[in-house]
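Number of protein chains: 2
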Amino acid sequence: MRRIDAVAAMRELFEAHGRGRVPQPPQVLTVLPDSRGDFITYSGILPEDGVLGVKVSPYVVTPSGGKVTATTMLMSLETGQPLLFCDSLALTTERTAATTALAVDLLAQSDAANLAIIGSGPIALAHLRHVLPLRPWRRIRIHSRNISAKKEVLEASLGEFQPVPEIVDDCSRAVADADVVLLCTSSGNPVLSMDHIKPGMLVTSISTNVARAHEVPPDALARMNVYCDDRSTTPLIAGEMVLASENGWSRDDIRGDLGELAIGRAQAPSLIEPASSGPWALASKT
Amino acid sequence: MRRIDAVAAMRELFEAHGRGRVPQPPQVLTVLPDSRGDFITYSGILPEDGVLGVKVSPYVVTPSGGKVTATTMLMSLETGQPLLFCDSLALTTERTAATTALAVDLLAQSDAANLAIIGSGPIALAHLRHVLPLRPWRRIRIHSRNISAKKEVLEASLGEFQPVPEIVDDCSRAVADADVVLLCTSSGNPVLSMDHIKPGMLVTSISTNVARAHEVPPDALARMNVYCDDRSTTPLIAGEMVLASENGWSRDDIRGDLGELAIGRAQAPSLIEPASSGPWALASKT
Numbered sequence: 001m002r003r004i005d006a007v008a009a010m011r012e013l014f015e016a017h018g019r020g021r022v023p024q025p026p027q028v029l030t031v032l033p034d035s036r037g038d039f040i041t042y043s044g045i046l047p048e049d050g051v052l053g054v055k056v057s058p059y060v061v062t063p064s065g066g067k068v069t070a071t072t073m074l075m076s077l078e079t080g081q082p083l084l085f086c087d088s089l090a091l092t093t094e095r096t097a098a099t100t101a102l103a104v105d106l107l108a109q110s111d112a113a114n115l116a117i118i119g120s121g122p123i124a125l126a127h128l129r130h131v132l133p134l135r136p137w138r139r140i141r142i143h144s145r146n147i148s149a150k151k152e153v154l155e156a157s158l159g160e161f162q163p164v165p166e167i168v169d170d171c172s173r174a175v176a177d178a179d180v181v182l183l184c185t186s187s188g189n190p191v192l193s194m195d196h197i198k199p200g201m202l203v204t205s206i207s208t209n210v211a212r213a214h215e216v217p218p219d220a221l222a223r224m225n226v227y228c229d230d231r232s233t234t235p236l237i238a239g240e241m242v243l244a245s246e247n248g249w250s251r252d253d254i255r256g257d258l259g260e261l262a263i264g265r266a267q268a269p270s271l272i273e274p275a276s277s278g279p280w281a282l283a284s285k286t
Numbered sequence: 001m002r003r004i005d006a007v008a009a010m011r012e013l014f015e016a017h018g019r020g021r022v023p024q025p026p027q028v029l030t031v032l033p034d035s036r037g038d039f040i041t042y043s044g045i046l047p048e049d050g051v052l053g054v055k056v057s058p059y060v061v062t063p064s065g066g067k068v069t070a071t072t073m074l075m076s077l078e079t080g081q082p083l084l085f086c087d088s089l090a091l092t093t094e095r096t097a098a099t100t101a102l103a104v105d106l107l108a109q110s111d112a113a114n115l116a117i118i119g120s121g122p123i124a125l126a127h128l129r130h131v132l133p134l135r136p137w138r139r140i141r142i143h144s145r146n147i148s149a150k151k152e153v154l155e156a157s158l159g160e161f162q163p164v165p166e167i168v169d170d171c172s173r174a175v176a177d178a179d180v181v182l183l184c185t186s187s188g189n190p191v192l193s194m195d196h197i198k199p200g201m202l203v204t205s206i207s208t209n210v211a212r213a214h215e216v217p218p219d220a221l222a223r224m225n226v227y228c229d230d231r232s233t234t235p236l237i238a239g240e241m242v243l244a245s246e247n248g249w250s251r252d253d254i255r256g257d258l259g260e261l262a263i264g265r266a267q268a269p270s271l272i273e274p275a276s277s278g279p280w281a282l283a284s285k286t
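Those protein sequence lines, which keep their order, are chains S and A. Anchor point for the first sequence: position 8 equals 8 in my numbering, and the numbering is continuous, going up by one each time. Anchor point for the second sequence: position 218 equals 218 in my numbering, and the numbering is continuous, going up by one each time.
If you are wondering where the hints come from, they were derived from the structure by calculation, not from laboratory data. Glycine included, every Cβ here is placed at the ideal spot set by N, Cα and C. Careful: at least some of the hints might be erroneous.
[As the list claims (entries may be wrong)] Derived SDA-like pairs: lysine to any residue, alpha-carbon spacing no greater than 25 angstroms straight-line: (1) 67(S) / 24(A); (2) 67(A) / 147(S); (3) 198(S) / 270(S); (4) 67(S) / 84(A); (5) 67(A) / 236(S); (6) 67(A) / 270(S); (7) 67(A) / 95(S); (8) 67(S) / 44(A); (9) 67(A) / 198(S); (10) 67(S) / 83(A); (11) 67(S) / 46(A); (12) 67(S) / 67(A).
[Said to hold, decoys possible] Computed footprint of chain A on chain S, listed as stretches where at least three residues anywhere in the stretch have a Cβ under 8 angstroms from a Cβ of chain A: (13) 22-29; (14) 89-99; (15) 174-183; (16) 221-228.
[Stated by the list, open to error] To spell it out: a stretch of chain A is covered by chain S in this simulated footprint if at least three of its residues, at any positions, have a beta carbon under 8 angstroms from a beta carbon of chain S; those stretches are: (17) 34-48; (18) 65-77; (19) 252-266.
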């Protein structure tokens, strides 16, 4: 998978989506009885490549905790026959990070220099990998809950990056003066406070399957220029958008989605107003 | 597959469904762009067996016509890992026929003797196979459009059954005096007229993926005791129910579904009124 330019693939995909060439079927969440978890079915079509794909991602509750898996099948639009059947947990990690990276490339100022990453799992490291080549980063800070406990292991993984990310115990210090903050956690509750979010800062969020999960305080959306992956589906799924909609924020306030940005129909915040006028966010939840 | 008692499996399944132990997620239809067809995603859960299943059934349009395929994956509710990945076109045929057979067993009078089958493809023959042991049939007639052209091939397949089905060119003659009529076609338009449907006759229907497809005239529903597979989903999918709903028929008129019948919460028509009071139908579309 490392040989694939995932960001370029996502850019092509969202360009096609912006031009109306890639339909986005709805996600379907099915709750398992007896609080045993749930599963989500995600489907997609690439008409020009002649394939459809369905990913089934169960969240199963076991005595030792919950576990998310993902399995994908691709089928031919020419023959209707299956083409590929694979575990897609690693693919999900790459695609999530590459989508965020595309958003950073489309939304961050060209001279963005300070990067903060909240989260230190495989998804956070994939974000770092995909975002690294996009801007002339001078400083990278990484923070997560209990990060001090895994400092040694993490340092080994981070040594390969340039500049070497600084492991930071305190969230406020991690995001202070950041141009770009990548939220890469599975938290159901905000990992940033309103005070953390500063004018000119780009904040991206991935969030998780949990109902109404959100990494950003929903109240913050009214103060931000909000972008998302897909205008027609993200506001129905992203927890902070669902919650903000119940308190006066409207999905019509979304400045653009990745498809619109990719084809130039929507504009990055630095092009629509002075950088100091407000923070910018992307809720990235495909 | 022939070694499995599919009717018994469907009976167990619908009993569990009747007791609220088997959730029924919605089907999702996604239309392909440029009139290239569509695909339907069907999912299900068997909590007691610890599995979930997702079937993806594309209908792809090719220069030589349309083609339906089906691929199913089963996943473990314990581990979230895939258990089975298989072509499921044959499985769909068996399940469709076994569901109809369960309906016949639950709805037909115990002394039903005359059986008519409309359709002569693999699904029709599977119906015949599953329904054969259920009643003391004395006469079986089979009819389909252009059946005379395939008489010889069909006779070879029918020879194994007892009583040997009679191939009939004329639909009216096939269904005259039938106690049970099984509609097993992929027709989008009625294969029976109002005149064919007589008091006391049980008519079952499978229909096909085509939007608003129906084998029974929608107007007939108002004159029939109507049953279906699943009260919560069939009326949204079955073409004759969708059409009848636009003309005054209500899904509240459904006498019972297979789950309710299987656990005795709904009753067969012979138990609720004299056999002569009206025909009975089942729209069987899982």
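**Prompt:** Going straight from one Cα to the other, do residue 67(A) and residue 147(S) come out at no more than 25 angstroms?
**Reply:** Cα-Cα ~54 angstroms, so violated.
**Prompt:** Per the coverage rule (Cβ-Cβ under 8 angstroms, at least three residues), is the stretch 34-48 of chain A covered by chain S?
**Reply:** Result for this restraint: holds, n = 8.
**Item:** Proximity test - 8 angstroms, beta-carbon atoms, the stretch 174-183 of chain S to chain A, at least three hits
**Value:** violated (count 0)
**Message:** Hinted pair, alpha-carbon criterion (25 angstroms max): residue 67(S), residue 67(A). Please report holds or violated.
**Reply:** violated, 37 angstroms
**Message:** Please verify whether residue 67(S) and residue 46(A) have alpha carbons no more than 25 angstroms apart.
**Reply:** Cα-Cα ~19 angstroms, so holds.
**Message:** Under 8 angstroms between beta-carbons, do enough residues of the stretch 65-77 of chain A, three at least, approach chain S for the coverage claim to hold?
**Reply:** holds (count 8)
**Message:** Given the hinted pair residue 67(S) and residue 83(A), is their Cα-Cα distance within 25 angstroms?
**Reply:** The given pair, whose Cα atoms are some 16 angstroms apart, holds under the 25 angstroms limit.
**Proximity test - 8 angstroms, beta-carbon atoms, the stretch 252-266 of chain A to chain S, at least three hits** = Violated, because only 0 residues of the stretch 252-266 of chain A bring their Cβ atoms closer than 8 angstroms to Cβ atoms of chain S.
**Asked** With a cut-off of 8 angstroms between beta carbons, are at least three residues of the stretch 89-99 of chain S near chain A?
**Response** violated (count 0)
**Request:** Count the residues of the stretch 22-29 of chain S whose CB lies closer than 8 angstroms to any CB of chain A, then report whether that count reaches three.
**Result:** holds (count 4)
**Asked** Are three or more residues of the stretch 221-228 of chain S within 8 angstroms, CB to CB, of chain A?
**Response** violated (count 0)
**Message:** Given the hinted pair residue 67(A) and residue 236(S), is their Cα-Cα distance within 25 angstroms?
**Reply:** Distance ~34 angstroms between residue 67(A) and residue 236(S) Cα, so the pair is violated.
When held up to the earlier numbered hints, the structure conflicts with 2, 5, 6, 7, 9, 12, 14, 15, 16, 19 and fits the remainder.
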